[in-house]
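Visitor: The lines below spell out each chain.
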Amino acid sequence: MNGNPDMRALLRVGGLEKRFGENAVLRGIDLEVTAGDRIAIIGASGSGKSTLLRCLNFMELPTAGRIELDGVAVGSERRRGDGSIERVYAEAELTRLRRRIGMVFQQFNLFPHMTAIGNVMEGLRTVLRRPAAEARARALVELTRVGLADKAEEYPARLSGGQKQRVAIARALALDPEILLFDEPTSSLDPELVGEVLAVIRSLAEEGRTMLLVTHELGFAYHFASRVLFLADGVIHEQGSPEEVLKHPREARTQAFLARHRAFSF
Amino acid sequence: MYQWDFAPVLANFDLLALGLLNTFAVTGTALAFGVPLGLALALARLTGKPLLAWPAGLLIEVFRTTPPLVQLFWFFFALPILIRVEMTPFMAAAATFSIQSAAFFAEVFRGGIVSIERGQWEAGRAIGMTHSQAMRRIILPQAVKRMIPAFMERAIELMKTTTLVAVVSYADLLYQANELAQKTFRPLEVLTVAALLYFVCIFAVSLASRALERRLAVSGETTVR
Ligand SMILES: Nc1ncnc2c1ncn2[C@@H]1O[C@H](COP(=O)(O)OP(=O)(O)OP(=O)(O)O)[C@@H](O)[C@H]1O
Ligand SMILES: [Mg+2]
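Chains C and D, in that order, are what the protein sequence lines are.
For the first sequence, my numbering gives the first residue as 1, with consecutive numbering after it.
For the second sequence, my numbering gives the first residue as 1, with consecutive numbering after it.
You may find that some hints are simply not true.
Sample of chain C residues at the chain D side, in silico, Cβ under 7 Å [as the list claims (entries may be wrong)]:
(1) 95
(2) 98
(3) 99
(4) 107
(5) 109
(6) 111
(7) 123
(8) 126
(9) 127
Take a look, some chain C residues computed to stay more than 10 Å from chain D by CB distance [to be verified]:
(10) 161
(11) 178
(12) 193
(13) 207
(14) 219
(15) 250
The set of hints was computed from the structure by calculation and includes no laboratory data.
Remember, it's a predicted structure, so these values are computed and weren't measured experimentally.
Backbone N, C-alpha and C define an ideal beta-carbon position, used for all residues, glycine too.
Go ahead and model the full structure; you've got the sequences and the hints to work with.
Guide: Quick look at the structure:
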């Protein structure tokens, strides 16, 4: 369409704001994500990292601002009574959009009444209405990718935390999302299980997938990310390469934040 | 010393058997209509749309807060006058206990649905499910599992409460037992047998429900948490 498709932003966020009542959590986020970008989002607890991620797949509706996916703005403009303009979002549009943006949660949120493969098939069956055999075959491919083909028939209650999170990743992958969002995917895992999940995420990075990842694992962020965002006061306070942001931060806030996370090693 | 004599009761056992069948009929009908109707009421109440939620809430509260006997009388005596249809005792009993069960199940469904953690909704929505798809595929199956003990409890309670239908001359087990007692002059024996029949049926349901709970507990999630 316009210019080199490789240079076009896959996701473009402009002036994104999110308020919960009086609490202005996001105060103007501008962000461009190009295909293949791996973005690590860091920041203090309560700085709005999860909220930003959840706005990107519209689990939370932005209070203001606009989000474009592949050059198409989500929602439509409407003029309020007082003449100001707001964006409105049709639920059907958001539902379709969420298929294209996968999300992995801190608490896994697997469906406990379905087996591992049932979890991975669910989107293919119910949302994309694929035939059972096809969905099963595809789900098995994704379970194999995360190293859990042999656990296909297990219920989540019988899986370890690391295995649950890998099934959750397979569940997101099954829908062929253009973008993957991870919200602290290893934060609720026992330390010895963190590695297996990070290894899966690393392998997705090697495939060139577009990913945004909120994490407190700064060491992982350093190796994983093509770009690091430091969130503070509801804005992107500092951003750049992992080298720049994590090793040679310019902003005092970033430096203070990193000082408190001295524990990480590259 | 009282001389027990069960022979006249056993000779007329078919009367009691018919009564038991009728008790099953009204209990089964009430469950068959009460469960889906209760789900519909719960969903209506959960929509948050006043036009749906308000009438559903009213119906639920009215039937939960009035005595079953009053409801039964109302359906049997008042409704026919209002809408000019003759109600058979069975129709009145089935209507009363269906709606009353629906009101009860609506609250059980609602409790079960809201007890499912938010993350389950979010996981469903995150893979592109609509609200109703997430409800049907993710939330309800888990909610129903948690509600099984309450369902069973209600089914048992219902079977006992249906003894009220005798007052509108519906020939349930208790009604038949009364008839038989007057016919045989053996009220002690008749009522003892009737009590035994209730016990056997209800105890069987109770055992089945516990077995069901255990089986569900094995396949992954537990019923109650
Ligand atoms: N649904 C909500 N309703 C009201 N307030 C909310 C909601 N979600 C988040 N908040 C508030 O928004 C702020 C940012 O929360 P958010 O979860 O985005 O932070 P975070 O950076 O992800 O923190 P953490 O590192 O602890 O996960 C917090 O003050 C939180 O209380
Ligand atoms: Mg968070």
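Visitor: Going through the earlier hints one by one, which of them does the structure break, listed in rising order?
Guide: none
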